[in-house]
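> Line by line, the protein sequences are chains F and Y.
When you read off a place in the first sequence, starting at 1, and then add 44, the result is the number in the numbering used here.
When you read off a place in the second sequence, starting at 1, and then add 1, the result is the number in the numbering used here.
Rather than coming from a laboratory, the hints here were simulated on the basis of the structure.
Among the clues, some could well be false.
Unchecked claim - Pair ranges (Cβ atoms, derived):
1. PHE276(Y) with PRO269(F): 36 to 44 Å
2. GLU336(F) with SER287(Y): 31 to 39 Å
3. ASP344(Y) with GLU314(F): 52 to 60 Å
4. PHE276(Y) with GLY86(F): 39 to 47 Å
5. ASP265(F) with SER287(Y): 52 to 60 Å
6. GLY54(Y) with ARG77(F): 35 to 43 Å
7. ARG77(F) with ASP226(Y): 47 to 55 Å
8. SER230(Y) with SER73(F): 43 to 51 Å
9. PRO197(Y) with GLY101(F): 45 to 53 Å
10. PHE276(Y) with GLU159(F): 41 to 49 Å
11. PHE46(F) with GLN277(Y): 49 to 57 Å
12. GLU32(Y) with THR282(F): 44 to 52 Å
13. LYS264(Y) with LEU446(F): 22 to 30 Å
Only a predicted model underlies this, so the values are computations on that prediction, with no experimental measurement involved.
By construction, the Cβ of each residue, glycine as well, lies at the ideal position given by its N, Cα and C atoms.
Residue strings, one per chain:
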Amino acid sequence: MFIRNDEPDPTLQDFRTEVRQFLTEQLPSETQRRQELGQTIGREEYGEWLKRLGSKGWLTGKWPVEHGGLGWSPDQFAVFSEELGRASAPPIQGFGPTMVGPVIYTFGTEKQKAEHLPAIVQHERFWCQGYSEPGAGSDLASLKTRAVREGDHYVVNGQKIWTSYAHWADWCFCLVRTDPDVKKQEGISFLLIDMKTPGITVRPIIGITKSHHLNEVFFEDVRVPAENLIGEENKGWTYAKFLLGNERVGTAETGKFERYLGHLRHLLSETKEDGRPLIEKPEYQRKVAELEVTLDTVKALAADQLAAAREDGSPTLMGAAALKLRSTTFQQEALQTILDVCARHTLLFETDALHPGWNGNTVGPDEMAGLLYEHLYRRAATIYGGSSEVQKNIIAKGALGL
Amino acid sequence: MAAFTSDERQLLHESLVEYFKANYPFERFRELTDRQHPDGSSREAWAEYASLGWLGVALPENAGGSAGGMTELAIVMSAAGGALALEPFLPTLVLGAGAIELAGTAAQQEILGEVNAGERLLAFCHTEPDAGFARGYVKAVATPSGGGYTLTGEKSFALHAHAADTLVVSARLNDDKGPIALFLVPRTAAGIELTPAPTLDERRGAAVRLTEVAVEASACLGESDTDRSGIINEVLDRAALAVCAEAAGAMATAMEQTVEYTKTREQFGQPLSKFQVLQHRMVDMSVAAEGARAATHGALRAYDEGSPGAQRLIWRAKVETARAARFVGGQGIQLHGGMGMTDDLAIGHYYKRLTLCETLYGDADWYLGQLAQSGAA
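One chain only, chain F, in its complex shape (with noise of 0.2 Å):
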């Protein structure tokens, strides 16, 4: 308890003034108003955007310098997350730079990480994640789309689910099932397809958002190259379980929700109740407070992750899920109060508003249409990246022994 010693790394602040230098010159204003509306952004803005920080290495700074990183610190890392959510720069996506990059270069072959690596580094391709199926939510292990050997390829055949950006995806990390005959988690390999694959066919899905960037992805007889396998037939859940580590830590989103508290400050100022500001009413002061505090609790709680990353490689299986589970509710709970607010104005939802080139008329905050756009997004939060009741039978029997 208490006992590990932050020593402030001194080039850290340094490191947060360049990155917001690097922000205000680089990250058109445009971009950064649409943002602010909650403004869905296309896949060429979008890549442009990637590829001025992938000039800099800034998409895979956390990466080892000699996959093509700059051999960040987990601080770097989260100080530049940081100031991209502060920034309303758009997020990252974290399929290439997080995901498969690793998996590439920690388990692949030197083709495999000539082909891929430099390309990512740079965006020169959109990745998609190829995992849940309609019957592999929460148990991703019974996955069934299958993956057969014949002769130089393997021929998959299947349906994945849920498929974020399928849409624009160059390529696609896959679960795949190389063997039905085993236990489900020995069965699954990892496999990379190129999207231009004959047999693939994307179906999109809509959300409640009313947007789409989720998918479903169809392989009929989809032939794909041996060598595209990473590492080992059937050690697929291997290299799937380093990779989900990454991504329940990113999820906490901080920098974001620091915004997100700022728009909820004026939001306050600005509606009023009977004439007044509900910023002066003490139930909303008091409200802010409380999600101050959990803010701050989730930052701590965030460091500590950090601190186990920097120590011993990756976040502890308690902090992880006890961060994935405290920081969704809080997101839930922050926008959630942004509804409340804007309950005032009668919960309008004007989704022609969202998208870029918008001029029309919205009746009541510019920002609301973005900010409900959000929660509706977020009640996802608690589902995504293991849900809360995965989150709690992970620390229940990991961390408790129960």
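Got chain F sorted already, so can you dock chain Y onto it with the hints?
The following block gives chain Y in isolation, referenced to the frame of chain F:
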């Protein structure tokens, strides 16, 4: 007020539920909420409700109604909520008709006959942009002019104002300190500017700007300079109660769908419904929904009996319902997992409807504030 017997209420409830089950499936909700749909609700359905006598359950007999009370209206609202019906029950039957019935002259009350026949849709334009949930904040002004009035002011979004035949608009007489009067204004009157918008749960309405809208003296409800704050409060309380009933219906359906889903969805080798954590979650949802329904029922009885404590019961029922609606709606999505986040499944739409029910005409915090201020002692 002639009350329906229990049997009559049972019959009313059953015929409503049967109707909605046969004629208002989720697919219909999807068609009507398509952004291309001109109205966002069904005129045909409204005509059917009229022919079945449902629009008139709480309208006076001389308007062709059944002279029931809030309880009968609540039976209609709960069935509508259970089916996610989009038609303007709240603005037309509860708010607009309520205001006309309480404040209108005999001549003005003839409108209620048209409401009963499904020929007149109403919207209630009272709340203003800086009012929040407060009920007495009105800056719109009705200036006497040539025997009638001209109305100028800004009204926040009102349900169905985009399509109602008549807007019931509140404005202060003479100047911004005058008594609050209510006016019947044709939606298409000169000087009215509507900004249509959809709500989170895909119902439609509009914000209304009035610029020197000329109306006759006969447009002023009651044709006198009496302050109508009391009546406005009363119809808003009725609306809060009606929304509690709507939420009770929506929660019941959301519960049914959630229980059914967990029985059929299997993970880790068994249906989700076998996991005790999820069983207890659904029990918690069910207990919350029951508490809200019971509180609402108590408030309905008290209101229809004219009990002096009815207002407090309504406010408390709204607090209880708001809490239950938030929990049941949110957990409805959670227990559906990823599927609960899709536009294609009904549960997300129940979540959205329940979110509106929670906050329309005042949220839990606001009513608690009202209860505290009005003297717990």
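> Determine for every hint whether it applies to the structure shown.
Here's how the hints hold up against the structure:
no., hint, verdict
1, PHE276(Y) with PRO269(F): 36 to 44 Å, "holds, 41 Å"
2, GLU336(F) with SER287(Y): 31 to 39 Å, "holds, 35 Å"
3, ASP344(Y) with GLU314(F): 52 to 60 Å, "violated, 30 Å"
4, PHE276(Y) with GLY86(F): 39 to 47 Å, "holds, 42 Å"
5, ASP265(F) with SER287(Y): 52 to 60 Å, "violated, 47 Å"
6, GLY54(Y) with ARG77(F): 35 to 43 Å, "violated, 54 Å"
7, ARG77(F) with ASP226(Y): 47 to 55 Å, "holds, 49 Å"
8, SER230(Y) with SER73(F): 43 to 51 Å, "holds, 48 Å"
9, PRO197(Y) with GLY101(F): 45 to 53 Å, "holds, 49 Å"
10, PHE276(Y) with GLU159(F): 41 to 49 Å, "holds, 43 Å"
11, PHE46(F) with GLN277(Y): 49 to 57 Å, "violated, 36 Å"
12, GLU32(Y) with THR282(F): 44 to 52 Å, "holds, 48 Å"
13, LYS264(Y) with LEU446(F): 22 to 30 Å, "holds, 27 Å"
The structure is inconsistent with the numbered hints 3, 5, 6 and 11, although it conforms to all the rest.
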